[in-house]
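Asker: Residues in the sequence shown are numbered from 1 upward in steps of one, following this note's numbering.
It is worth saying that the hints were derived from the structure and are not from the lab.
The model shown is predicted, which means the values in this text are computed figures rather than measured ones.
Ideal Cβ placement from N, Cα and C applies to all residues, glycine included.
Do not rely on the hints blindly, as some may be mistaken.
[Stated by the list, open to error] Each computed EDC-like pair below joins lysine to aspartate or glutamate, with the alpha-carbon atoms no more than 16 Å apart:
| # | residue 1 | residue 2 |
| --- | --- | --- |
| 1 | K381 | D270 |
| 2 | K166 | D69 |
| 3 | K381 | E347 |
| 4 | K80 | D163 |
| 5 | K166 | D87 |
| 6 | K157 | E83 |
| 7 | K10 | D30 |
| 8 | K157 | D87 |
| 9 | K10 | D199 |
| 10 | K166 | D78 |
| 11 | K166 | E83 |
[What the hints assert, rightly or not] Restraint-style ranges between C-beta atoms, simulated for each label pair:
| # | residue 1 | residue 2 | range |
| --- | --- | --- | --- |
| 12 | L174 | G301 | 39 to 49 Å |
| 13 | A31 | K80 | 45 to 55 Å |
| 14 | G67 | A205 | 37 to 47 Å |
| 15 | A31 | R65 | 38 to 48 Å |
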Amino acid sequence: ALTACRGALKAAAAFDGVRQRLVSAAPVLDALTRQGSACFPPIERRLERLEAYIELDENDVPAVREGADPALEAAMRDVKSAENALDEVFLPAATRQMALLNPTSSGTLVAYTGSYALAVPNGLVVPPDWEPATELGKKGKGKARLYTCAALRALLKAGAQADEDKRAALVSVLTRTALDFCDVSAAWLAVAKATAELDALISLARAARAMAAGGPICYPSVDPPARSRAAPLFEARSLRHPTLASCSSALDADGASDTVSSDVRLGGADRRLLILSGPNMGGKSTLMRAIASSTILAQMGAAVPAESLRLTAATRMFVRMGAQDSIIEGQSTFMTEMRETATSVCEARPSDVVILDEVGRGTSTRDGAALAASVAAALGKKGCLAVVSTHYGEVSAPDGLLARGVAEHATYAHMGYRAHGAPGADTPQSIEFTYRLTPGPASNSMGVAVGGLAGLPASVLANAQRIA
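Sequences and hints are given; from them, build the entire structure.
Answerer: In C-alpha coordinates, the structure reads:
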(Lines of atoms letter the chains of each structure in order from A and count residues from 1; the text may use other names and numbers.)
(Lines give C-alpha, C1' and ligand atoms only; values in the text may rest on other atoms or scores of the structure.)
Protein backbone atom coordinates (compact mmCIF):
# COMPACT_ATOMS: atom_id res chain seq x y z
CA ALA A 1 0.00 0.00 0.00
CA LEU A 2 2.83 2.40 0.84
CA THR A 3 4.57 1.65 -2.45
CA ALA A 4 1.30 2.25 -4.32
CA CYS A 5 0.79 5.58 -2.55
CA ARG A 6 4.34 6.65 -3.36
CA GLY A 7 3.67 5.72 -6.99
CA ALA A 8 0.47 7.80 -6.91
CA LEU A 9 2.45 10.81 -5.68
CA LYS A 10 4.98 10.40 -8.48
CA ALA A 11 2.21 10.11 -11.06
CA ALA A 12 0.52 13.23 -9.74
CA ALA A 13 3.82 15.15 -9.67
CA ALA A 14 4.29 14.41 -13.37
CA PHE A 15 1.49 16.90 -14.06
CA ASP A 16 3.12 19.78 -12.17
CA GLY A 17 4.79 21.05 -15.35
CA VAL A 18 1.40 21.74 -16.95
CA ARG A 19 -0.47 22.64 -13.77
CA GLN A 20 -1.50 26.12 -14.93
CA ARG A 21 -2.98 24.75 -18.13
CA LEU A 22 -4.86 22.11 -16.19
CA VAL A 23 -6.43 24.66 -13.86
CA SER A 24 -8.12 26.43 -16.75
CA ALA A 25 -8.55 23.69 -19.37
CA ALA A 26 -8.98 20.50 -17.35
CA PRO A 27 -10.08 21.24 -13.77
CA VAL A 28 -11.11 17.63 -13.14
CA LEU A 29 -7.65 16.37 -14.09
CA ASP A 30 -6.11 19.11 -11.95
CA ALA A 31 -8.15 18.02 -8.94
CA LEU A 32 -7.17 14.38 -9.45
CA THR A 33 -3.45 15.18 -9.47
CA ARG A 34 -3.00 18.08 -7.05
CA GLN A 35 -2.22 17.32 -3.42
CA GLY A 36 -4.53 19.17 -1.10
CA SER A 37 -7.50 19.10 -3.46
CA ALA A 38 -10.80 17.51 -2.50
CA CYS A 39 -9.89 14.46 -4.62
CA PHE A 40 -6.25 14.10 -3.56
CA PRO A 41 -5.69 14.77 0.17
CA PRO A 42 -2.16 15.71 1.34
CA ILE A 43 -0.39 12.49 2.28
CA GLU A 44 3.30 13.29 1.78
CA ARG A 45 4.21 13.82 5.44
CA ARG A 46 2.13 10.89 6.66
CA LEU A 47 3.71 8.69 4.03
CA GLU A 48 7.22 9.77 5.03
CA ARG A 49 6.43 8.94 8.65
CA LEU A 50 5.28 5.46 7.72
CA GLU A 51 8.23 4.95 5.40
CA ALA A 52 10.54 5.78 8.29
CA TYR A 53 9.45 2.49 9.84
CA ILE A 54 8.82 0.25 6.82
CA GLU A 55 10.97 -0.59 3.79
CA LEU A 56 11.07 -3.32 1.15
CA ASP A 57 13.78 -5.93 1.33
CA GLU A 58 15.59 -7.41 -1.68
CA ASN A 59 12.54 -9.60 -2.39
CA ASP A 60 10.09 -6.67 -2.20
CA VAL A 61 8.76 -7.97 1.12
CA PRO A 62 7.86 -5.26 3.69
CA ALA A 63 10.27 -5.15 6.63
CA VAL A 64 10.97 -2.81 9.54
CA ARG A 65 13.65 -0.33 8.58
CA GLU A 66 16.95 -0.71 10.44
CA GLY A 67 17.21 1.73 13.32
CA ALA A 68 13.53 2.65 13.15
CA ASP A 69 12.69 1.50 16.70
CA PRO A 70 15.15 1.46 19.65
CA ALA A 71 13.34 -1.34 21.50
CA LEU A 72 13.37 -3.55 18.42
CA GLU A 73 17.03 -2.79 17.79
CA ALA A 74 17.91 -3.73 21.39
CA ALA A 75 15.95 -6.98 21.14
CA MET A 76 17.68 -7.86 17.87
CA ARG A 77 21.08 -7.23 19.51
CA ASP A 78 20.09 -9.53 22.38
CA VAL A 79 19.12 -12.27 19.88
CA LYS A 80 22.43 -11.88 18.10
CA SER A 81 24.30 -11.95 21.41
CA ALA A 82 22.50 -15.15 22.45
CA GLU A 83 23.36 -16.80 19.15
CA ASN A 84 26.99 -15.77 19.47
CA ALA A 85 27.11 -17.12 23.03
CA LEU A 86 25.97 -20.51 21.76
CA ASP A 87 28.05 -20.68 18.59
CA GLU A 88 31.13 -18.63 19.34
CA VAL A 89 31.61 -19.18 23.08
CA PHE A 90 29.95 -22.29 24.50
CA LEU A 91 30.51 -24.74 21.62
CA PRO A 92 34.26 -23.94 21.24
CA ALA A 93 34.66 -24.28 25.04
CA ALA A 94 32.82 -27.61 25.00
CA THR A 95 35.02 -28.81 22.15
CA ARG A 96 38.16 -27.93 24.15
CA GLN A 97 36.83 -29.81 27.17
CA MET A 98 36.16 -32.89 25.07
CA ALA A 99 39.64 -32.70 23.55
CA LEU A 100 41.24 -32.66 27.02
CA LEU A 101 39.16 -35.63 28.14
CA ASN A 102 39.74 -37.59 24.91
CA PRO A 103 43.32 -36.75 23.82
CA THR A 104 43.59 -39.65 21.38
CA SER A 105 40.34 -38.96 19.53
CA SER A 106 40.10 -36.92 16.34
CA GLY A 107 37.34 -35.51 14.17
CA THR A 108 34.23 -33.81 15.51
CA LEU A 109 34.07 -34.38 19.23
CA VAL A 110 30.81 -32.53 19.93
CA ALA A 111 28.14 -30.77 17.82
CA TYR A 112 24.72 -29.27 18.20
CA THR A 113 21.59 -31.05 17.05
CA GLY A 114 18.59 -29.16 15.70
CA SER A 115 17.25 -28.72 19.25
CA TYR A 116 20.65 -27.64 20.58
CA ALA A 117 21.39 -30.91 22.36
CA LEU A 118 25.07 -31.91 22.39
CA ALA A 119 25.77 -34.84 20.09
CA VAL A 120 28.83 -36.86 21.20
CA PRO A 121 30.22 -39.92 19.34
CA ASN A 122 29.85 -43.21 21.23
CA GLY A 123 32.81 -44.24 23.35
CA LEU A 124 33.99 -40.74 24.27
CA VAL A 125 34.28 -39.42 27.82
CA VAL A 126 32.14 -36.36 28.61
CA PRO A 127 32.53 -33.71 31.34
CA PRO A 128 31.00 -34.72 34.68
CA ASP A 129 28.42 -31.91 34.63
CA TRP A 130 26.95 -33.13 31.35
CA GLU A 131 23.87 -35.29 31.59
CA PRO A 132 21.89 -37.31 29.07
CA ALA A 133 19.40 -35.17 27.20
CA THR A 134 16.42 -37.24 28.30
CA GLU A 135 14.49 -34.13 29.27
CA LEU A 136 14.55 -33.09 25.60
CA GLY A 137 12.59 -36.20 24.73
CA LYS A 138 15.51 -37.69 22.82
CA LYS A 139 18.06 -40.40 23.43
CA GLY A 140 21.22 -41.08 21.54
CA LYS A 141 20.90 -43.64 18.81
CA GLY A 142 23.42 -45.14 16.43
CA LYS A 143 26.88 -43.60 16.56
CA ALA A 144 26.11 -40.60 18.83
CA ARG A 145 24.69 -39.83 22.24
CA LEU A 146 22.85 -36.63 23.25
CA TYR A 147 23.76 -34.51 26.28
CA THR A 148 22.88 -31.23 27.87
CA CYS A 149 24.10 -29.21 30.86
CA ALA A 150 23.07 -26.33 33.10
CA ALA A 151 25.18 -23.78 31.23
CA LEU A 152 23.65 -24.80 27.88
CA ARG A 153 20.12 -24.66 29.31
CA ALA A 154 20.77 -21.17 30.65
CA LEU A 155 22.00 -19.97 27.24
CA LEU A 156 19.00 -21.53 25.49
CA LYS A 157 16.64 -19.86 27.98
CA ALA A 158 18.32 -16.50 27.39
CA GLY A 159 18.04 -17.02 23.61
CA ALA A 160 14.33 -17.91 23.87
CA GLN A 161 13.69 -14.80 25.95
CA ALA A 162 15.57 -12.67 23.41
CA ASP A 163 13.46 -14.14 20.60
CA GLU A 164 10.27 -13.40 22.53
CA ASP A 165 11.41 -9.82 23.23
CA LYS A 166 12.18 -9.37 19.54
CA ARG A 167 8.75 -10.71 18.54
CA ALA A 168 7.00 -8.41 21.02
CA ALA A 169 8.99 -5.38 19.81
CA LEU A 170 8.24 -6.24 16.18
CA VAL A 171 4.51 -6.63 16.91
CA SER A 172 4.58 -3.26 18.67
CA VAL A 173 6.19 -1.54 15.68
CA LEU A 174 3.86 -3.14 13.15
CA THR A 175 0.79 -2.42 15.28
CA ARG A 176 1.80 1.19 15.68
CA THR A 177 2.44 1.49 11.94
CA ALA A 178 -0.90 -0.12 11.09
CA LEU A 179 -2.74 2.21 13.47
CA ASP A 180 -1.00 5.22 11.95
CA PHE A 181 -2.07 4.01 8.52
CA CYS A 182 -5.66 3.36 9.60
CA ASP A 183 -5.96 6.71 11.35
CA VAL A 184 -6.12 8.38 7.92
CA SER A 185 -7.75 5.55 6.00
CA ALA A 186 -10.10 8.03 4.33
CA ALA A 187 -7.10 9.81 2.82
CA TRP A 188 -5.59 6.59 1.45
CA LEU A 189 -8.97 5.59 -0.02
CA ALA A 190 -9.34 9.02 -1.62
CA VAL A 191 -5.87 8.76 -3.16
CA ALA A 192 -6.65 5.25 -4.43
CA LYS A 193 -9.90 6.49 -5.96
CA ALA A 194 -8.18 9.47 -7.59
CA THR A 195 -5.43 7.22 -8.94
CA ALA A 196 -7.98 4.78 -10.36
CA GLU A 197 -9.82 7.62 -12.08
CA LEU A 198 -6.56 9.03 -13.39
CA ASP A 199 -5.58 5.60 -14.69
CA ALA A 200 -8.94 5.31 -16.47
CA LEU A 201 -8.57 8.77 -18.03
CA ILE A 202 -5.04 8.02 -19.20
CA SER A 203 -6.22 4.74 -20.72
CA LEU A 204 -9.04 6.52 -22.53
CA ALA A 205 -6.62 9.18 -23.77
CA ARG A 206 -4.25 6.54 -25.09
CA ALA A 207 -7.14 4.78 -26.81
CA ALA A 208 -8.25 8.07 -28.38
CA ARG A 209 -4.74 8.71 -29.67
CA ALA A 210 -4.58 5.21 -31.16
CA MET A 211 -7.97 5.63 -32.83
CA ALA A 212 -7.05 9.07 -34.16
CA ALA A 213 -4.00 7.61 -35.91
CA GLY A 214 -6.26 5.84 -38.38
CA GLY A 215 -9.09 8.30 -38.93
CA PRO A 216 -11.38 10.92 -37.40
CA ILE A 217 -12.53 10.75 -33.80
CA CYS A 218 -15.11 12.78 -31.93
CA TYR A 219 -16.49 13.33 -28.48
CA PRO A 220 -20.18 12.48 -28.87
CA SER A 221 -23.16 14.58 -27.95
CA VAL A 222 -25.18 12.59 -25.42
CA ASP A 223 -28.80 13.53 -24.76
CA PRO A 224 -30.63 12.55 -21.55
CA PRO A 225 -32.35 9.14 -21.50
CA ALA A 226 -35.53 8.94 -23.52
CA ARG A 227 -38.76 9.33 -21.59
CA SER A 228 -42.04 7.63 -22.41
CA ARG A 229 -42.86 9.84 -25.42
CA ALA A 230 -39.40 10.99 -26.43
CA ALA A 231 -37.77 9.33 -29.41
CA PRO A 232 -34.34 7.78 -28.65
CA LEU A 233 -31.61 8.43 -31.19
CA PHE A 234 -28.34 6.99 -32.45
CA GLU A 235 -26.85 8.97 -35.34
CA ALA A 236 -23.24 8.42 -36.39
CA ARG A 237 -21.24 9.60 -39.37
CA SER A 238 -18.30 7.50 -40.55
CA LEU A 239 -18.49 5.17 -37.55
CA ARG A 240 -15.71 2.59 -37.17
CA HIS A 241 -15.27 -0.25 -34.72
CA PRO A 242 -13.26 1.13 -31.73
CA THR A 243 -11.01 -1.90 -31.43
CA LEU A 244 -10.24 -2.12 -35.14
CA ALA A 245 -9.75 1.64 -35.29
CA SER A 246 -7.07 1.49 -32.60
CA CYS A 247 -5.14 -1.48 -34.02
CA SER A 248 -1.88 -0.65 -35.77
CA SER A 249 -2.38 -3.76 -37.89
CA ALA A 250 -5.43 -2.05 -39.42
CA LEU A 251 -3.29 0.76 -40.88
CA ASP A 252 -2.08 0.76 -44.44
CA ALA A 253 1.41 1.75 -45.63
CA ASP A 254 0.52 5.45 -45.43
CA GLY A 255 -0.72 5.17 -41.84
CA ALA A 256 -4.39 5.46 -42.78
CA SER A 257 -6.94 3.04 -41.41
CA ASP A 258 -8.08 0.14 -43.58
CA THR A 259 -11.24 -0.07 -41.47
CA VAL A 260 -14.34 0.82 -43.49
CA SER A 261 -16.68 3.33 -41.85
CA SER A 262 -20.46 3.50 -42.08
CA ASP A 263 -23.17 6.08 -41.46
CA VAL A 264 -25.76 4.79 -39.00
CA ARG A 265 -29.04 6.41 -38.02
CA LEU A 266 -31.65 4.89 -35.76
CA GLY A 267 -34.54 6.55 -33.99
CA GLY A 268 -35.29 10.23 -33.86
CA ALA A 269 -37.51 10.98 -36.84
CA ASP A 270 -36.61 7.56 -38.29
CA ARG A 271 -37.63 4.10 -37.22
CA ARG A 272 -35.91 2.60 -34.20
CA LEU A 273 -35.52 -0.99 -35.41
CA LEU A 274 -32.85 -1.93 -37.96
CA ILE A 275 -33.14 -5.28 -39.74
CA LEU A 276 -29.60 -5.98 -40.90
CA SER A 277 -28.80 -8.55 -43.59
CA GLY A 278 -25.90 -9.43 -45.87
CA PRO A 279 -23.39 -12.21 -46.53
CA ASN A 280 -21.48 -14.05 -43.88
CA MET A 281 -18.10 -12.35 -43.33
CA GLY A 282 -19.65 -9.12 -44.63
CA GLY A 283 -19.26 -7.19 -41.38
CA LYS A 284 -22.71 -7.39 -39.75
CA SER A 285 -21.39 -8.43 -36.35
CA THR A 286 -18.59 -5.87 -36.54
CA LEU A 287 -21.06 -3.05 -37.20
CA MET A 288 -23.34 -4.22 -34.40
CA ARG A 289 -20.43 -4.36 -31.99
CA ALA A 290 -19.35 -0.90 -33.14
CA ILE A 291 -22.79 0.50 -32.31
CA ALA A 292 -22.81 -1.18 -28.89
CA SER A 293 -19.25 -0.29 -27.86
CA SER A 294 -19.55 3.29 -29.17
CA THR A 295 -22.69 3.75 -27.07
CA ILE A 296 -20.79 2.66 -23.97
CA LEU A 297 -17.74 4.80 -24.78
CA ALA A 298 -19.92 7.83 -25.43
CA GLN A 299 -21.68 7.52 -22.08
CA MET A 300 -18.26 7.22 -20.39
CA GLY A 301 -17.28 10.54 -21.94
CA ALA A 302 -14.66 8.85 -24.12
CA ALA A 303 -13.72 9.53 -27.71
CA VAL A 304 -15.40 7.49 -30.45
CA PRO A 305 -13.94 6.67 -33.89
CA ALA A 306 -16.41 8.63 -36.01
CA GLU A 307 -16.71 12.04 -37.63
CA SER A 308 -19.69 12.73 -35.38
CA LEU A 309 -22.00 10.88 -33.04
CA ARG A 310 -25.15 12.01 -31.33
CA LEU A 311 -27.14 9.62 -29.21
CA THR A 312 -29.66 9.35 -26.44
CA ALA A 313 -28.19 7.92 -23.26
CA ALA A 314 -29.25 4.30 -22.84
CA THR A 315 -30.29 3.08 -19.43
CA ARG A 316 -29.46 -0.54 -20.28
CA MET A 317 -28.03 -2.54 -23.16
CA PHE A 318 -28.98 -6.09 -24.15
CA VAL A 319 -26.54 -7.85 -26.48
CA ARG A 320 -26.79 -11.39 -27.81
CA MET A 321 -23.95 -12.27 -30.14
CA GLY A 322 -21.79 -15.26 -30.96
CA ALA A 323 -22.59 -18.92 -30.42
CA GLN A 324 -21.94 -21.01 -27.33
CA ASP A 325 -23.63 -23.69 -25.34
CA SER A 326 -23.79 -24.23 -21.58
CA ILE A 327 -22.73 -27.79 -20.86
CA ILE A 328 -22.83 -27.30 -17.09
CA GLU A 329 -26.51 -26.32 -17.25
CA GLY A 330 -27.29 -28.96 -19.86
CA GLN A 331 -28.32 -26.38 -22.45
CA SER A 332 -27.69 -26.48 -26.18
CA THR A 333 -26.41 -23.55 -28.19
CA PHE A 334 -29.91 -22.82 -29.46
CA MET A 335 -31.38 -22.94 -25.95
CA THR A 336 -28.69 -20.61 -24.62
CA GLU A 337 -29.35 -18.12 -27.40
CA MET A 338 -33.10 -18.29 -26.89
CA ARG A 339 -32.72 -17.60 -23.16
CA GLU A 340 -30.58 -14.55 -23.88
CA THR A 341 -33.05 -13.39 -26.51
CA ALA A 342 -35.94 -13.89 -24.09
CA THR A 343 -34.26 -11.62 -21.55
CA SER A 344 -33.98 -8.88 -24.17
CA VAL A 345 -37.57 -9.19 -25.38
CA CYS A 346 -39.09 -9.40 -21.89
CA GLU A 347 -37.12 -6.65 -20.18
CA ALA A 348 -36.26 -4.05 -22.84
CA ARG A 349 -37.75 -0.58 -22.42
CA PRO A 350 -37.81 2.43 -24.79
CA SER A 351 -34.68 3.84 -23.16
CA ASP A 352 -32.68 0.64 -23.75
CA VAL A 353 -30.55 -0.58 -26.66
CA VAL A 354 -30.90 -4.15 -27.97
CA ILE A 355 -28.41 -5.91 -30.26
CA LEU A 356 -29.38 -9.39 -31.47
CA ASP A 357 -27.27 -11.37 -33.93
CA GLU A 358 -28.90 -13.97 -36.20
CA VAL A 359 -31.94 -14.76 -34.09
CA GLY A 360 -33.39 -18.21 -34.78
CA ARG A 361 -30.38 -20.05 -36.10
CA GLY A 362 -29.85 -23.57 -34.83
CA THR A 363 -33.33 -24.89 -35.56
CA SER A 364 -35.30 -25.54 -38.74
CA THR A 365 -35.42 -22.76 -41.31
CA ARG A 366 -39.18 -22.36 -40.90
CA ASP A 367 -39.06 -22.19 -37.11
CA GLY A 368 -35.96 -20.00 -37.08
CA ALA A 369 -37.43 -17.48 -39.52
CA ALA A 370 -40.69 -17.40 -37.55
CA LEU A 371 -38.83 -16.73 -34.31
CA ALA A 372 -36.70 -14.01 -35.91
CA ALA A 373 -39.79 -12.26 -37.29
CA SER A 374 -41.70 -12.48 -34.00
CA VAL A 375 -38.75 -11.21 -31.93
CA ALA A 376 -38.19 -8.30 -34.32
CA ALA A 377 -41.89 -7.39 -34.23
CA ALA A 378 -41.90 -7.47 -30.40
CA LEU A 379 -38.88 -5.18 -30.20
CA GLY A 380 -40.44 -2.83 -32.74
CA LYS A 381 -43.53 -2.49 -30.57
CA LYS A 382 -41.44 -1.79 -27.45
CA GLY A 383 -39.93 1.28 -29.10
CA CYS A 384 -36.32 0.73 -28.05
CA LEU A 385 -33.35 1.18 -30.34
CA ALA A 386 -32.64 -2.28 -31.72
CA VAL A 387 -30.51 -3.95 -34.37
CA VAL A 388 -31.46 -7.48 -35.44
CA SER A 389 -29.35 -9.29 -38.01
CA THR A 390 -30.70 -12.18 -40.03
CA HIS A 391 -30.09 -14.33 -43.12
CA TYR A 392 -33.74 -15.24 -43.50
CA GLY A 393 -35.10 -13.66 -46.68
CA GLU A 394 -38.62 -13.94 -45.29
CA VAL A 395 -37.63 -11.45 -42.58
CA SER A 396 -34.82 -9.36 -44.08
CA ALA A 397 -36.99 -7.54 -46.64
CA PRO A 398 -40.13 -5.45 -46.09
CA ASP A 399 -42.02 -7.61 -48.60
CA GLY A 400 -40.82 -10.91 -47.11
CA LEU A 401 -43.30 -13.63 -46.32
CA LEU A 402 -42.85 -13.08 -42.57
CA ALA A 403 -42.35 -9.30 -42.62
CA ARG A 404 -45.89 -8.54 -41.46
CA GLY A 405 -45.70 -6.91 -38.05
CA VAL A 406 -42.04 -6.04 -38.61
CA ALA A 407 -42.03 -3.71 -41.63
CA GLU A 408 -44.14 -1.06 -39.92
CA HIS A 409 -41.46 -0.61 -37.25
CA ALA A 410 -38.26 -1.35 -39.16
CA THR A 411 -35.77 0.14 -41.53
CA TYR A 412 -33.79 -2.30 -43.68
CA ALA A 413 -30.10 -2.29 -44.57
CA HIS A 414 -27.35 -4.72 -45.46
CA MET A 415 -23.57 -4.91 -45.44
CA GLY A 416 -22.47 -4.15 -48.97
CA TYR A 417 -20.83 -6.60 -51.34
CA ARG A 418 -20.18 -7.11 -55.04
CA ALA A 419 -20.98 -10.37 -56.74
CA HIS A 420 -18.79 -11.21 -59.73
CA GLY A 421 -19.76 -13.49 -62.55
CA ALA A 422 -23.16 -14.69 -63.63
CA PRO A 423 -24.43 -17.60 -61.56
CA GLY A 424 -24.72 -20.75 -63.61
CA ALA A 425 -26.32 -24.04 -62.93
CA ASP A 426 -23.14 -25.37 -61.36
CA THR A 427 -20.89 -22.30 -61.19
CA PRO A 428 -21.22 -20.14 -58.08
CA GLN A 429 -20.48 -16.45 -58.14
CA SER A 430 -17.43 -14.98 -56.47
CA ILE A 431 -17.88 -12.25 -53.88
CA GLU A 432 -16.10 -9.05 -52.84
CA PHE A 433 -17.04 -7.41 -49.55
CA THR A 434 -17.32 -3.62 -49.22
CA TYR A 435 -18.02 -3.79 -45.45
CA ARG A 436 -20.17 -0.66 -45.65
CA LEU A 437 -23.73 -0.29 -44.37
CA THR A 438 -25.97 0.01 -47.43
CA PRO A 439 -29.69 0.89 -47.50
CA GLY A 440 -32.14 -1.87 -48.30
CA PRO A 441 -32.12 -5.63 -47.76
CA ALA A 442 -29.49 -7.93 -49.23
CA SER A 443 -30.70 -9.80 -52.32
CA ASN A 444 -28.68 -12.88 -51.42
CA SER A 445 -26.70 -14.22 -48.47
CA MET A 446 -24.07 -15.55 -50.90
CA GLY A 447 -23.49 -18.59 -48.70
CA VAL A 448 -22.07 -20.73 -51.52
CA ALA A 449 -19.59 -17.99 -52.45
CA VAL A 450 -18.48 -17.63 -48.84
CA GLY A 451 -18.05 -21.40 -48.71
CA GLY A 452 -15.65 -21.01 -51.62
CA LEU A 453 -13.66 -18.42 -49.67
CA ALA A 454 -13.49 -20.92 -46.82
CA GLY A 455 -11.86 -23.50 -49.11
CA LEU A 456 -14.67 -25.96 -49.81
CA PRO A 457 -13.81 -28.24 -52.77
CA ALA A 458 -15.06 -27.12 -56.20
CA SER A 459 -17.18 -30.25 -56.55
CA VAL A 460 -18.96 -29.49 -53.28
CA LEU A 461 -19.57 -25.88 -54.32
CA ALA A 462 -20.89 -26.93 -57.73
CA ASN A 463 -23.30 -29.37 -56.15
CA ALA A 464 -24.44 -26.73 -53.66
CA GLN A 465 -25.02 -24.26 -56.48
CA ARG A 466 -27.17 -26.78 -58.37
CA ILE A 467 -29.25 -27.47 -55.26
CA ALA A 468 -29.64 -23.74 -54.53
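Asker: Taking the hints in turn, state whether each one holds.
Answerer: Verification of the supplied hints:
1. K381 to D270: holds, 14 Å
2. K166 to D69: holds, 11 Å
3. K381 to E347: The hint holds at about 13 Å.
4. K80 to D163: holds, 10 Å
5. K166 to D87: Given pair K166, D87 is violated - Cα atoms ~20 Å apart, limit 16 Å.
6. K157 to E83: Satisfied, since the Cα-Cα distance of roughly 12 Å is no more than 16 Å.
7. K10 to D30: holds, 15 Å
8. K157 to D87: Status holds; Cα separation ~15 Å.
9. K10 to D199: holds, 13 Å
10. K166 to D78: holds, 8 Å
11. K166 to E83: Since the Cα atoms of K166 and E83 sit roughly 13 Å apart, the hinted pair holds (cutoff 16 Å).
12. L174 to G301: 39 to 49 Å: With a Cβ separation near 42 Å, L174 and G301 satisfy 39 to 49 Å, so the hint holds.
13. A31 to K80: 45 to 55 Å: Since the Cβ atoms of A31 and K80 sit about 51 Å apart, the hinted range of 45 to 55 Å holds.
14. G67 to A205: 37 to 47 Å: Holds, at about 44 Å.
15. A31 to R65: 38 to 48 Å: Because 33 Å falls outside the window, the suggested range is violated.
The structure fails to meet hints 5, 15 from the earlier list, while all remaining hints are met.
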